[in-house]
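Enquirer: One-letter residues, chain by chain:
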Amino acid sequence: MTHPYGFSPSGRMLWEFHGGVHMPDMKSLSNGLPTAKAAIPPLLVLPLRQHIGEAAEPLVKAGDRVLKGEKIARGAGILSASLHAPTSGILRAIAPHPIPHAAALTGLCILLEPDGEDRWGELPPPMPDFAGLDPGKVIERIRWAGIVGMGGAAFPSAVKLAPGPERAIHTLIINGAECEPYISCDDRLMREQAQRIVRGIRILRHVLDVTGECLIGVEDNKPEAIEAMRRALAAEPVEATELVVIPTIYPSGGEKQLIRILTGREVPSKGIPAHIGIVCHNVATAAAVADAVLGGRPLISRYVTVTGGGVVEPGNLDVLLGTPAADLIAQRGGFRPGTDRLILGGPMMGLALHSDRIPITKGGNCLLAPAPGELIDPGPAHACIRCGRCADACPMQLLPQQLYWHARARDMDRVQEYNLFDCIECGCCAHVCPSHIPLVQYYRFAKGAIWGREVEKRKAERARVRHEARQARLERLEQERKARLRKKTEALKSAPQAAGGTDEDPKKAAIKAALERAKAKKAAQAEVGAVPKNTAHLTEAQQRQIDEADQRRGKVASSPENKAAE
Amino acid sequence: MEFLTLPSPHSERPNSVSRVMRQVLLALLPAIVALTYYFGWGVLINLILASVTALAAEAAVMRARGRPALPVLGDLSALVTAWLFAIATPPLLPWWITVLGMVFAIVLVKQLYGGLGYNPFNPAMAAYILLLISYPVEMTNWLPPRMLNEHLLSFGETLSAVFTGMLPAGLSWDALSGATPLDEMRTQLSMNRTISEIHQSPLWGDFGALGWEWVGNWLFLGGVWLIYKRAISWHIPVAMLGSLAAISMFFFTIDPATHPFPLFHLFSGGAMLGAFFIATDPVTAATTKPGQLIYGAAIGLIVFVIRTWGGYPDAVAFAVLLMNLAAPSIDHYSQPRVVGHGEGRDG
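These protein sequence lines are chains L and G, in that order.
Take the first sequence: its letter number 362 is residue 361 in numbering that gives the first Met the number 0, and every next letter is one higher.
Take the second sequence: its letter number 294 is residue 293 in numbering that gives the first Met the number 0, and every next letter is one higher.
Hints were generated in silico from the structure; no laboratory data involved.
Hints are supplied without guarantee of correctness; some may be wrong.
Have a look at the derived ranges for each label pair, beta carbon to beta carbon [what the hints assert, rightly or not]:
{"hint": "1", "chain 1": "L", "residue 1": "10", "chain 2": "G", "residue 2": "206", "range": "47 to 53 Å"}
{"hint": "2", "chain 1": "L", "residue 1": "10", "chain 2": "G", "residue 2": "1", "range": "50 to 56 Å"}
{"hint": "3", "chain 1": "L", "residue 1": "538", "chain 2": "G", "residue 2": "113", "range": "51 to 57 Å"}
{"hint": "4", "chain 1": "G", "residue 1": "18", "chain 2": "L", "residue 2": "410", "range": "26 to 32 Å"}
{"hint": "5", "chain 1": "G", "residue 1": "25", "chain 2": "L", "residue 2": "410", "range": "34 to 40 Å"}
{"hint": "6", "chain 1": "G", "residue 1": "13", "chain 2": "L", "residue 2": "456", "range": "40 to 46 Å"}
Since this is a predicted model, take the numbers as computed values, not measurements.
Note that beta-carbon positions come from the ideal geometry of N, C-alpha and C, so glycine has one too.
So that you can see chain L by itself, here it is in the shape it has in the complex (with noise of 0.2 Å):
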């Protein structure tokens, strides 16, 4: 499986991949319009997570005023992107709205009420001369402008961008493949700011260090696309750098996928492209990059794609991010009658939106609404036959249908021995099924499933050791009480004798003593403003906590309205 399977037109070997499909690539439907800028809708809908990792921070409340490109969210942790405003506005809400998740029907969302001016805020300044500056700096500016992968993964690209020194990458590659049937925003991207791309391919290529190539990678049926790209890399040459008409077949823009095709080498399992010395990008994160170190400006717009024979007039807009997929649609001349699905994404890897008031996320590359008769739904499914289609089809050279027969039986155990978790959905397999099983939909349960049962294992494992810890704390109480009891019963023995011939009854002196110590302990722990607190098995976060709390405390104690109200 390491032979290659031809050249492309310039003469470069290229590297076949296992399985994948032909079919329609239905572009021209939308690729023939240059880009319309999208108008800026009545409401703004930003969900705070739109990317992979941690949903940002809030840097706003409602009823305060921004300014296009200002920071409104900020990035949590390093696995995170910051959020900035689309444009000027007033901030109506943070909110629940529906969100683009397969699970989720809605999520955190900052409301924004454009107030029409579109006034830029305040912006870094640009950095023309990055190629002099520390790597590192660029990062921070890219990290800054929230940018994530736009191809439709979102994940953050300034992690992609720092693998560590003890990585050194050899190759970029920049995915211009855009294999999904139907999509066409990277093709009118190409072909319109090919300029833009090839500036952010320079900086991705000073950030990474890369010591070799950089390969752009285009699916041969977008000749108008390549031939721009050709001309932008003439008028702006990049070292080392070549694009490389690939041929159409899906999925070609699979990260994996594409670097096979380019360089013939395999993502090792559970491993990132970093690990053999490649970093792969999306055209469109290319551009966000340039604008980001040339421009200052944020991440704040996209290409989208609006088609489908449900639309009445497909296209691609330039669209603000939170725009609600309505807004889009009616800008596009609004649905056909008889539509009755909207797909987030494209026919064989986008999500069925159960609403059009779902935003435009930093990920959203297509609206889809086929119209009736169109991508016609299969309908049941019949049972397998154990054809083995799927096996033929799997880019990643999985068993389909074990995986399928395992996730049917839950048997989470041989589903993972079948490598479920390699699989990358591309729903080749399900395409090509005579039966007309969903197949990935039964992977996607079965890892949701082993998901949770990790998530349980861990909880479990927690809840034990809590257990034994109690279990220990009582038994260590116990042994105390006993102890305590033991000497009271030893001095009550003695008492008579050491008290002599005193006419006090032994109890009651007992009971005095008892109070008296009561007493005490009670004053003593007033003086320190405490009550007796738990506090034997803490971790280092709780402890932290309460230190934070006593130090609050105090402090409120010691300031003068505390002291006056006394």
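Knowing the structure of chain L, use the given hints to seat chain G on it.
Expert: Relative to chain L, chain G alone:
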């Protein structure tokens, strides 16, 4: 606006079970025409009887299971079973044997295991073997091809023979029926005659047996068309015919006097039907590509062994059922290397 939410992919599916089955039926048509031409109306009567019984049995089981029958009948798999069975059985087979065979195939071998996709054995072949063992005389009463047949039966006479067992006046079963070429070869070889002597008989054609070789040709062409249409993959037929040809070539080379030329093996009996239409039954075959090569090659080998040294003149049905048993294990031990695993991976 609210929309339907269906799981991805949302693509239009290029294939369906009924399409695959329809292609198999179509590919069988030329051979059925040839069989009817050489062996008379009985072939068609068998075919129709088997089809009706298979569909009725399937519908009855679905009814008993309380499930809609139409989608299941619509996948055409019962029809494929019926046609394969009818092609494999003698043209004047008594009607009740055909009915018994089909009920056994559909109810016991297929539906009792859960229906299409769940049966470990090929229904047509399991039924064929049940009947061959239970009614060896009826199941081996083949007719000679038309150019050697002095008593061509009319449509009415054939109907009467199949449904009442009555032959036209003056004819006996012995006079009417003839041995199959494989049977003839076997009998003659056991009488210590050499291949060249045996070939003096008018039974032989250009490379196989008269009539039979043409049925084989049409099955071969139908099979090639199925591969071209990607209804089946080439692995099983090539492996099966290849191994059968290779091993028969080996013995032919050693001793041409007692071992027929490989083409005889390929174009006689069930070899072509088995290679393209029976061993390739996806439900009961191995599914990985290397597994299919092993599976097909083993069938070819078993066919030769039983034909040459076993108790039956032909062996495709036995070989297929034996390998049906082995298919799950073959699959287990022939898994492909997943991308990013093992040797081929970098880094």
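Enquirer: Sort out which numbered hints this structure fails and list those numbers smallest first.
Expert: Violated hints: none at all, because every hint is consistent with the structure.
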